[in-house]
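Trainee: Please work from the sequences and hints to get the whole structure.
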Amino acid sequence: MTGKTIVVTSGKGGVGKTTTVANIGTVLAKKKYSVVMIDADIGLRNLDVVMGLENRIVYNLVDIIEGKCRKQQAMIRDRKLHNLYIIPAAQTREKTSVTPDQMKDLCAELAEEFDYVIIDCPAGIEQGFKNAVAGAQTAIVVTTPEVSAIRDADRVIGLLEAGLLKDIHLIINRLNHRMVKKGDMMSTEDIISLLAVPLLGVVPESEEVVISTNRGTPLVHDRGSKAGVAFQQIAARLNGEDIALDMEQKVTIMDRMKRFIWS
Amino acid sequence: MLKAIRRFFGEKASSQMARQRMQVVLMHDRMDIAPDIMEALKNDIIAVLSRYMEIDKRTIQVDLEQGKNYTALISNVQIKRVYRHSMST
Chain A
1 MTGKTIVVTS GKGGVGKTTT VANIGTVLAK KKYSVVMIDA DIGLRNLDVV MGLENRIVYN
61 LVDIIEGKCR KQQAMIRDRK LHNLYIIPAA QTREKTSVTP DQMKDLCAEL AEEFDYVIID
121 CPAGIEQGFK NAVAGAQTAI VVTTPEVSAI RDADRVIGLL EAGLLKDIHL IINRLNHRMV
181 KKGDMMSTED IISLLAVPLL GVVPESEEVV ISTNRGTPLV HDRGSKAGVA FQQIAARLNG
241 EDIALDMEQK VTIMDRMKRF IWS
Chain B
1001 MLKAIRRFFG EKASSQMARQ RMQVVLMHDR MDIAPDIMEA LKNDIIAVLS RYMEIDKRTI
1061 QVDLEQGKNY TALISNVQIK RVYRHSMST
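Heads up: the protein sequence lines correspond to chains A and B, in order.
Mapped onto the working numbering, the consecutive letters of the first sequence carry residue numbers 1 to 263.
Mapped onto the working numbering, the consecutive letters of the second sequence carry residue numbers 1001 to 1089.
Note that these hints are calculated values from the structure, not bench results.
Please note that the accuracy of each hint is not assured.
Taking lysine to aspartate or glutamate and the EDC-like style, the derived pairs with C-alpha atoms no more than 16 Å apart in a straight line are [unchecked claim]: (1) A:K130 to A:D105; (2) A:K182 to B:D1029; (3) B:K1012 to A:D78; (4) A:K30 to A:D78; (5) A:K32 to A:D78; (6) A:K4 to A:D115.
Derived DEER-like restraints, expressed as beta-carbon distance ranges [to be verified]: (7) A:L245 to B:V1082: 47 to 53 Å; (8) A:D105 to B:S1075: 45 to 51 Å; (9) B:S1014 to A:N55: 42 to 48 Å.
Idealized CB from N, CA, C, for every residue including glycine.
Mentor: Printed below as a string of structure tokens:
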């Protein structure tokens, strides 16, 4: 059995990489796949708090790589799903304590045991990024509809392609449909035409995301959350399921009237 | 309402401004990453031109010019002789 290794990256910080990893991992585990999520952000770990597992950490990623513990000892099992694990990052170590080759070996070993290995990449394009990307076959680039996030995403896509990682997918996070309609935010089409990478899904801006991270329970556990549904569809597409991308372009009569007055 | 009035007087939507600015910025960024791509582009231009005319390969210059809202590729090359028919490579 060889699983898929997927890195979630963005260049810019704070666009929702960790939230994306937590939600995609949880959906895939709910679909009965075995999933391990690696927090590769050494020195600034967060995946553990987003998953609500911060109290259970004993060993971490650097401990595995330095041979201080077995892989199984550092893997923390999710509270709800028994086929979902995280490997936390070290909090008091340097990014240089791991090399790309070591990450590649670790990911290959984990892919033997798990259906999905999902890597949470740190922001930036230095050593930490190189480590996180080294062991991945597929990359998910997360961006928001802001110029700074898009520019950084484009840079990261260029670096991934130069590093011969060609299987790249895009997630647009925090899209505000109301602002797009008013012409105050770049639309999904605008962003795709700029970045020229296949779209995996669009996550609407939502207060529920903050609430779920406050609780330490991924959004996809609740029903009826729009952002949660978006993550479910994204994970399903990643899993090869054929789910149409709805651009949510429901144009009502009111919109037409407004547009008529506006133009 | 104020915005509607401004739009009426021809102010662009901010999303369109963002899009146009990003088109220029990304083009520039992508060109910045790879001097080897510039070199390859130069060689391809020489190859295409050589099918139609004899050029002085040493004089070719390929530059990107950054305008306020465009990026242009500007190439200067000395032509020695133009062929009557295109030479198939």
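Trainee: Take the hints in turn and mark each one as holding or not.
Mentor: Do the hints match the structure? See the list:
Annotation: proposed proximity of K130 of chain A to D105 of chain A holds, straight-line Cα distance about 14 Å (limit 16 Å). Between K182 of chain A and D1029 of chain B, the direct Cα distance comes to roughly 29 Å. Violation of the 16 Å bound is thereby established for this hinted pair. A distance of roughly 49 Å separates the Cα atoms of K1012 of chain B and D78 of chain A; the hinted pair therefore is violated under the 16 Å criterion. Distance hint between K30 of chain A and D78 of chain A is fulfilled; the C-alpha atoms sit about 11 Å from each other, no more than 16 Å.
Proximity of K32 of chain A to D78 of chain A is assessed by CA-CA distance (about 13 Å); at most 16 Å being required, the pair is judged to hold. For the hint pairing K4 of chain A with D115 of chain A, the CA-to-CA distance comes to about 6 Å; that is within 16 Å, so the pair holds. A beta carbon spacing of about 51 Å between L245 of chain A and V1082 of chain B agrees with the range 47 to 53 Å that was offered as a hint. Look at D105 of chain A against S1075 of chain B: about 47 Å separates their beta carbons, and that is inside 45 to 51 Å.
At about 44 Å, the CB distance of S1014 of chain B to N55 of chain A agrees with the hint of 42 to 48 Å.
Violated hints, listed in ascending order, are 2, 3; each of the other numbered hints is respected by the structure.
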